[in-house]
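Asks: Read off the chains here:
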Amino acid sequence: MQIEFQTQRLSMRFFMLMLVLFVIQVGYGLLLSVQQTDPTVLAGVMNFNVARAEHLNLGILWILCGFIGAILFVGPLLAKREMVAPWLIKLLFYALIVIVVWNFFTLRLAQVGIAGWWHGQPWLQQGLEYLEAGRIAGILVLVGFAILAYVVLRTFPPVRQWNEIHWGLGLGVSALMAVWVFGLFYVARLDLQEYFRWFVVHYWVEGVWEVIHITLVGFLLVLMFKVDVKSVGFAVFWGVALVWLSGLIGNAHHYFWIGTPAFWQFWGSVFSALEPLPLVFCFWHIYLDAHVNKRPLENAPAFYFILGSVVLEQIGAGILGFSMTFALTNVWSHGTWVTPGHGHLALFGTFGMLGIAAAYFAVPIMRKVTNYDQRLGKLGFWLVLTGMLGMAFAFNVGGTVQIYVYRILGLDWFGGDVARAMGVFKLLLPLFGVVFAIGALVVAYDLITLGRRLAVPAGMDAHGGPADVHPATRWSRPLSGFEAGIWLLMMWVFGTIITLGLLSFNLPRVRVAGDPTLPYLLAGIGYPGLMLVTLLFVWRFLASMEARASAASTPSLLRVLPAQA
Amino acid sequence: MTQRITDLTLSVLACVAATLLSWPFWRNFEYWPESHLAWWIYFITGFVLAVYVFYVFIGSLRILFLHDTQEQAATTVKDKLS
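First to last, the protein sequences are chains A and B.
FYI, in the numbering used here the residues of the first sequence are 37 to 601.
FYI, in the numbering used here the residues of the second sequence are 128 to 209.
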């Protein structure tokens, strides 16, 4: 594929900024994992709460960079014309850098107790969890989203010519801007403020980012596999519909235990239980689209990360999200390490991996590299996937111990009791964190230098493997729908075991008598089982896809027909 | 018709399981103590909406697989012709 519209090139700068911010964010994550084991590290220089806020905010910012890059790359293809007002996109890029720098420095003011209030508003930093940025950064972000929405909607053809992909992206960029407004004002009553905070955090992630995610996954599959646009359009339509049918009320699972009325417990729980449905839908969508025409995998890293995005969405947001959103399980899990176990998989997996996938798809095209060495990209994928699954395991099992020691035994939250009990998992976190960080560096290096290194060595195929591979096992045979269903079922079986583990904390035997056997046993089976099955499934899926690449002779990589869109 | 009844039955069963897991943590009717009727309306409305969402999911998933089958058939015909 060649660049069809010159304005697609504007996406390159966003992808590069994404990689830089990603690496810095991972650096903060490593620091946090070290501070968990030794709280005195950099105390007074970079306190834990400040490093955590930087880690969170950078995480959101680099993912947004990836989204913007992906939207700018596919926007002209969808519109079949150049993007309008490219100068606004350039302005957006510099504004984004200003926001990042501003946010970086103002968050550090928290360490010396400065919020920068003026006329009743926190202009420099406001300290609301996940929305730490001050009002000035908030307004700049709103302007940035308005620019993005304006450019995309003006570039698109008239509404009557839209297909489901246009609708998904159009609604996504509009809602991205609209939902942000809820975080822009300060409410003195904390319980009321919490509603608005969760409107942004949850509706952004599950109401807006999911919509953009489903749409971009669908369109990337159209580009990569020449999938029928109508089938993808169907998947996008029902994916978005199910996200909203379940997620809009499902948001209520965030209203438990924060001073909001207790009646939210029933609707919040029951609709949260339905929130994995669109993710199951997305799982089948990618399986069917990738397997329908047996097309060889031409750009392996791009597809690896798309698959990683959908599978980690399934287990991070879907299964682990499901297990802890019922009032009867959430009462134990909320605010513990069980939450970041779910959050890391869901946020990085679903949205981060999609941004990286889009970069792997777009960067070789923009750099006119028709035959690039895909080995580093694959290596980077396996490192970040394994690292993230390992971190999620450490968070979740550590969180189970934390629930028992803190919530059941009532030992000291901030003292040494909990820390000692969780010791092994506090050590596992930096261990897997290092694996993840190496993967992040490999991915960043690969994408930044892509096309500037040597081409694939002689005697190798385009994917960097020996040209005539004959697998010794049947691991690379075509993946059937039945087998994919069995893998999905296994994931959910382990998810059920995890859910039962959290429910078992309600039993008098655990809650009153203090016997941790059952929750520990169920967590000890559920979490490692889920992580292992996920790793094996991704391996199996990709082995099946890779077998096509070695079976077919592919003279040119990246032969994609945007005209199909 | 049989299909619809099967889908509806599956949806109801799934939502019964979800409801059993979703019973409020405090298990009493303290928020609107003056009216248990309000609580029952709330529970029933939530249940019916949940059944609808699940029913929609099953229906749309079936059509997704149908598209796949049709595309596969079209690809096979194309391969045979070429």
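Source of the hints: derived by calculation from the structure; they are not laboratory data.
Where is the CB? At the ideal position from N, CA and C, for every residue including glycine.
Some clues are possibly wrong.
[To be verified] Simulated restraints, written as ranges between beta carbons of each label pair:
1) A:Tyr-186 <-> B:Ile-132: 42 to 50 Å
2) A:Leu-557 <-> B:Ala-144: 17 to 25 Å
3) A:Arg-45 <-> B:Ile-132: 51 to 59 Å
4) A:Ile-474 <-> B:Val-175: 31 to 39 Å
5) A:Trp-153 <-> B:Arg-131: 35 to 43 Å
6) B:Tyr-169 <-> A:Ala-549: 30 to 38 Å
7) B:Ala-144 <-> A:Thr-73: 34 to 42 Å
[What the hints assert, rightly or not] In silico lysine to aspartate or glutamate, DMTMM-like type, Cα no more than 25 Å apart, as pairs:
8) A:Lys-262 <-> B:Glu-198
9) A:Lys-462 <-> B:Glu-198
10) A:Lys-330 <-> A:Glu-519
11) A:Lys-330 <-> B:Asp-134
Asks: Kindly confirm whether 51 to 59 Å is satisfied by the beta carbon distance between Arg-45 (chain A) and Ile-132 (chain B).
Replies: This hint holds: roughly 55 Å between Cβ atoms.
Asks: Within a Cα-Cα threshold of 25 Å, do Lys-462 (chain A) and Glu-198 (chain B) meet the stated pairing?
Replies: Violated. Lys-462 (chain A) to Glu-198 (chain B) sits at ~50 Å, over the 25 Å cutoff.
Asks: Taking the beta carbons of Leu-557 (chain A) and Ala-144 (chain B), is their distance inside 17 to 25 Å?
Replies: holds, 22 Å
Asks: If I claimed the Cβ atoms of Trp-153 (chain A) and Arg-131 (chain B) lie 35 to 43 Å apart, would that claim hold in this structure?
Replies: violated, 59 Å
Asks: Between the beta carbons of Tyr-186 (chain A) and Ile-132 (chain B), is the distance compatible with 42 to 50 Å?
Replies: holds, 49 Å
Asks: Using the beta carbons of Ile-474 (chain A) and Val-175 (chain B), state whether their distance is inside 31 to 39 Å or not.
Replies: violated, 51 Å
Asks: At the C-beta level, are Ala-144 (chain B) and Thr-73 (chain A) separated by a distance inside 34 to 42 Å?
Replies: Given about 40 Å between the Cβ atoms, the range holds.
Asks: Between the alpha carbons of Lys-330 (chain A) and Glu-519 (chain A), is the straight-line distance 25 Å or under?
Replies: holds, 17 Å
Asks: Does the alpha-carbon distance linking Lys-330 (chain A) and Asp-134 (chain B) stay inside the 25 Å limit?
Replies: It is violated: about 31 Å lies between the C-alpha atoms, which goes past 25 Å.
Asks: Take the C-beta atom of Tyr-169 (chain B) and the C-beta atom of Ala-549 (chain A), compute their distance, and say whether it sits inside 30 to 38 Å.
Replies: holds, 35 Å
Asks: Is the straight-line distance between the alpha-carbon of Lys-262 (chain A) and that of Glu-198 (chain B) 25 Å or less?
Replies: Holds, because 12 Å separates the two Cα atoms, which is no more than 25 Å.
Hints 4, 5, 9, 11 from the list above are not met by this structure, while the remaining hints are.
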